[in-house]
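Asker: Required output: the full structure, derived from the provided sequences and hints.
For the sequence shown, position 460 (counting from the first letter as 1) is numbered 460 according to the UniProt record's numbering, and the numbering increases by one without interruption.
Keep in mind that a hint or two might mislead.
Claimed, not checked - Taking lysine-lysine and the DSBU-like style, the derived pairs with C-alpha atoms no more than 30 Å apart in a straight line are:
hint	residue 1	residue 2
1	Lys-796	Lys-818
2	Lys-355	Lys-397
3	Lys-1055	Lys-617
4	Lys-617	Lys-689
5	Lys-103	Lys-818
6	Lys-617	Lys-501
7	Lys-501	Lys-557
Said to hold, decoys possible - Using C-beta positions, here's what the derived DEER-type ranges look like:
hint	residue 1	residue 2	range
8	Trp-564	His-354	29 to 39 Å
9	Glu-930	Leu-1118	49 to 59 Å
10	Glu-926	Val-1129	14 to 24 Å
11	Ser-785	Cys-830	20 to 30 Å
12	Glu-926	Ala-165	51 to 61 Å
13	Thr-1027	Pro-993	22 to 32 Å
14	Tyr-1111	Glu-918	50 to 60 Å
If you are wondering where the hints come from, they were derived from the structure by calculation, not from laboratory data. Using N, Cα and C, we set each Cβ at its ideal position, and we do this for glycine too.
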Amino acid sequence: MVEKTYLRYAVGPQGGAVVSNASLAMDVAVVPSRYTAAATGRNACPRTSSFSRGGRDISSRSVLAPVVTTSAAAVFVPSLEAVRVYSVRSGELLHTLIPAEVKMPVEVTTLRVVPMEANQRGGKLGADVDAHNGSGAASQQYSTGWLLFVGYSNGYVAVFSCSAANNYGLPVCRFYALGHRVDTQVLAVAVDSPRSMLCSAGQDTDITVWDLVSQEASFRLRGHRGGVVALAVVHPSSISTGTVGDMRSTAFDRTLLLSGSADGLVKTWDLILRQCLHTVIASDTQITAMVADSQGRRLYCGLRENYLKVYNTEPLLAAAEQSGTTNARNGTSAEAKLEDGAILDHGTVPRKYHKPITALDFSHDGAFIVGCTSRTVEVFHVLTAEDVKKKLYRKRKRRRGPGAAATATGMTTDGDDGAEGENKEADAGPKNNMGKKASRKRNKMGNTVGEDDGAEDGDDDDDGDHAGPSHGGTTARAATAVAATAAEEVVSLRAFFLPQKIRSVHFVPPTARDQLSEVDTLHIAVTYSSNTMETFTTTLTTSDREGASVLTLTDLKPRHTFDWKGHHNDIRELAFVDTDTALLSMSKEKVMMWSLTVKEDLLESDHLDNHDFYDAKEANLARVDFKGALNNVGSVDVEGASCMSAISSLLCCVGQQDGSVLLLDVASSALLFRDTAIHVGGVKHIVRKPDGAGFVTLGADRRILFWSIGLTEDKGVQNADSSGADRGEDDNAMTAGAGGSGATLVQEQEIELTEAPLCAAFSPDDRFFGVGLQNNNIQLFFADSMKPYLSLFGHKLPPTSLSFSTDGTLVASVGMDKSLRFWGTDFGDCHRAIHAHDDYITQVEFLQDTHYVFTVSMDGSVKQWDGDNWIMIQLFRQHQRGLWAVSVTANSTCVATAGADRCIRCFLRTQDIVFPHEEEARMAQEAMDEETAKRAALQRLDGGDANGTGAAEVGIAGQQTATTAEAAERLMEALDIVNVEQQRKQRGDDTTPRHPLLLNMSEWEFLWSTIETIRPSELRYTLLSLTSIHVDALLTALESMLTEKAVLNYEIASKVVLALVMIPAESAPIQGLRAAAVRGEVSEVRGARRLAVLRRCISEGLDESVSRMDYSVAGLHLVRQHLEDTEKVKFFDCSKAQGYKRKYHSRALFTSEGKH
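Answerer: Listed below in structure tokens is the structure:
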């Protein structure tokens, strides 16, 4: 018996996903639209030169200046497994970032964008930055590139980067590694100022600290009892280093991490000491959002209350200013407070609504805070130190009363008159004050109020009971600082109600062009749960409320909407039309048309050529549109759509929930025909007739209506819009088109059933018509006479879909009982019932001229089955949520699926052969490995430490996975092969052939190539999986390789040696064996001598590498400078832009003086 040959389907293009609702995070950056724009074509970067009076060229260099004039804001949003980068101005999709190693299904749960180079002023921009200087401060910050940190729903963390120095200015994925418990979401990420340390936290209640240089997890911090939802790093440069007394200490050099979790706790961690310094109970319920200002002086926490909780993260500064130089004891206690990481309660900022804040963000200049709930966007204004002083002066003046001011100690000084004059000026001239607000530098409230001129308020405090002159105004400033709580520093400007459910909100920083033209204008980006993103603008203004002028915001003005790119609700139907060149998709609110293009010459390959292979390897990104593209070309808005069937893009029949039947021309976005409420209770299903002459509609009123397509005279033209489906006119014969006639639907026949129909299908040969009923049965009719033929019994729950094979001999049905059943049309017998999915199956579809079927289910999987052998051929898990629809082209070359994730994914047929038994064995092995890894992770993370005293506060990061076990097996196999080869050489045996893997390389090259295949984040646990014999063999091999100068990368060699020698405390069971292997199985003296040789060789190799690199760079700069000065030659980086390269990328190289 000759077995069947099955062809493999590969993952193809996708479309429709704009923003996913799995994440509450987004970010915005002002970056150059194209890093190569300044050095290509007519926009080539000019050569800047300076000449002396004699005309001699003194200095000449090629400079790649930041493209500030072409800079534009780009928004980074989570979109299922990808991070999509959109241009705010045009809405263009710039990048789709997916790690190449990602395993579906997975979703992005959090992200953070920072500049490539750290800002020395901390945060986004320092508080002293002039936002309106016209120099493009926000653009300058990202001019050298950006770093993107992403957390995923499976516990992995990825780091992306984009700069002009790598991959032609396109993004690259630096690493993608597991840092948390398997299948737990990463909810927050934060990075320190030097860009060397990354912190991630998630649902497993742990905080993982990563070393971005070595690309591996360093350690794990434990202490929270709920999921950690927010992280904030206090940079060392953010803490004020005052010189009052002897206040300097080692605390200023620490990097502090603030974490907020669902248990309502805010913890302060010292990343250098690796311990928790202080814990504050912020709420009895949970913290929903948290953000720190640019200087790290204030921490704002969003709670499930109608206020924001604010903490002062710099208690030392206030204590030092209160005590001055007269009380060294107080200074010592204040210093101890900062060393302990204490944060002080700074009060609350009242809000108008009780719904919890889900996101918080600062503006680029730190003057505004935006937050969002599920329905509102709230904007707060952070007052400057001068404004807070005026506010406190008015408050003290009201407390003293009219008679107390004249009798106060010290009377009213010139400083008080000055302050009162400023107060009058602020009250009498709000417009003038607005002009000052727009032009002055905005100082954050991290600068304590007392830092201003102390003479203004030096003679009185809040209560007016301070007697005697103050020493330089220190005591008065301290009283002012104490009085300035969060309620005085931050005021609520306005809360905006939006019609859709909000997921996240973020300020859009102004570009160099906007900084001059849009003064006092706030640009806000909002993402919704409906797969939509929108940007708004609002302007600062004043309003007279209770006789006083107060700041407020104008109404939100929509600037750009991304709703045309995808569906807002679940995609319920798919249909290929127009000879399979177009795809129609239907959701509750509209019908969309997609253009599908497939690159058939790339179906069998993942790369164009060898150069494209190395470019893709450097980028380390999944190329979604490499083999094709799926683009939206039109849509028609229809409210309350429930089902759809189409003959072509010009004739699409849609049923609505109110029972209406529509005929649409999707290509021209026109409504051709509408019959209002023809089915009582709604339309359940629509089937296209095999001859394409009409449709059949099934209603909840147990009626089946047969419609044929006819032509009618044009009585008007009606374009479908958002309200076109609900027009009140009697337009049963409405047509569209300019030709004088249009298509319409004419009712031919009506059948009433005893049970409500749920689904139906025609056989391709037009012999049978099958209907799935509410009573779990399937009724077959003769298609010509509509007389009952057979009743199919067997489903335990109502069927959801059925399909006929091309020859009409098989019927495949699926239902809510999660079963796939194959029936024969000759006798109605059930050939086989298969438990196909883990959730109820929504649709089944036969491939033309075969007995193969595709099924989709609410478990998110797509499966291909053989109807003759009743075996599963392939399994796809590309969708993150349940699936509703599947459609296959006429030639079976493309399969499209869609569902609750609002993303359409295509699978393309290749010429590779699939062996079902091997696929089944592979899936079983993967399931077993995943279960083993989960069990090991649970035992490791939930268990105690090595001493049995419970979970330690600091633990080793990472865990043993199936990937590390597989890498360890490869490494042990390579060590065995090398050992056999060395024994053959020692015996001088020339008759025994070498191992096939060593034919084209030496044994050291083979071993080193195996080591390089291990990812840095998995190296530690891969080496921990080695046996003691292989540990000893690896150390011996490294000694020989280093002695013979066969090591290609000394950094990797040093990491391997350190991982083998430094045994973690959590690996107590294997500590004894590994220690014996490291010391030496035969002699401890030999082991010590071997470690000494390794240390000496690695040190010498690193020094030689650095010297060789410095010498080469210096020589190249000298040659280049000589050629530029003598021959006037321009140099460009053409290392990756040879003649074969399609996209030419050239940029001027930097001289020793030229820097970004």
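Asker: Between Lys-1055 and Lys-617, does the CA-CA distance stay at or below 30 Å?
Answerer: Holds: Lys-1055 and Lys-617 sit about 23 Å apart, inside 30 Å.
Asker: Should the hint that Glu-926 and Ala-165 are 51 to 61 Å apart at their CB atoms be regarded as holding?
Answerer: Since the Cβ atoms of Glu-926 and Ala-165 sit about 38 Å apart, the hinted range of 51 to 61 Å is violated.
Asker: Quick one, are Lys-617 and Lys-501 close enough, alpha carbons at most 30 Å?
Answerer: violated (40 Å)
Asker: Could you check the hint for me, namely that Ser-785 and Cys-830 are 20 to 30 Å apart, CB to CB?
Answerer: holds (26 Å)
Asker: Does the Cβ distance between Thr-1027 and Pro-993 fall inside 22 to 32 Å?
Answerer: The hinted range 22 to 32 Å holds for Thr-1027 and Pro-993, with Cβ atoms some 28 Å apart.
Asker: Lying within 14 to 24 Å: is that true of the beta-carbon distance Glu-926 to Val-1129?
Answerer: violated (56 Å)
Asker: So if I understand the rule, the pair passes when the alpha-carbon distance is 30 Å or less; does Lys-501 with Lys-557 pass?
Answerer: It holds: about 18 Å lies between the C-alpha atoms, which stays within 30 Å.
Asker: Would the hint linking Lys-355 and Lys-397 be met if the CA-CA limit is 30 Å?
Answerer: violated (36 Å)
Asker: So if I understand the rule, the pair passes when the alpha-carbon distance is 30 Å or less; does Lys-103 with Lys-818 pass?
Answerer: Measuring from Cα to Cα gives roughly 25 Å; hence the hint holds.
Asker: Within 50 to 60 Å: is that where the Cβ-Cβ distance between Tyr-1111 and Glu-918 falls?
Answerer: holds (53 Å)
Asker: Are Lys-796 and Lys-818 close enough, with their CA atoms no more than 30 Å apart?
Answerer: Answer holds: Lys-796 to Lys-818 is near 10 Å, not above 30 Å.
Asker: Given the hint that Lys-617 pairs with Lys-689, does the C-alpha gap stay at or below 30 Å?
Answerer: Outside the cut-off at roughly 49 Å; violated.
Consistency with the previously given hints fails for numbers 2, 4, 6, 10, 12, ordered from lowest to highest.
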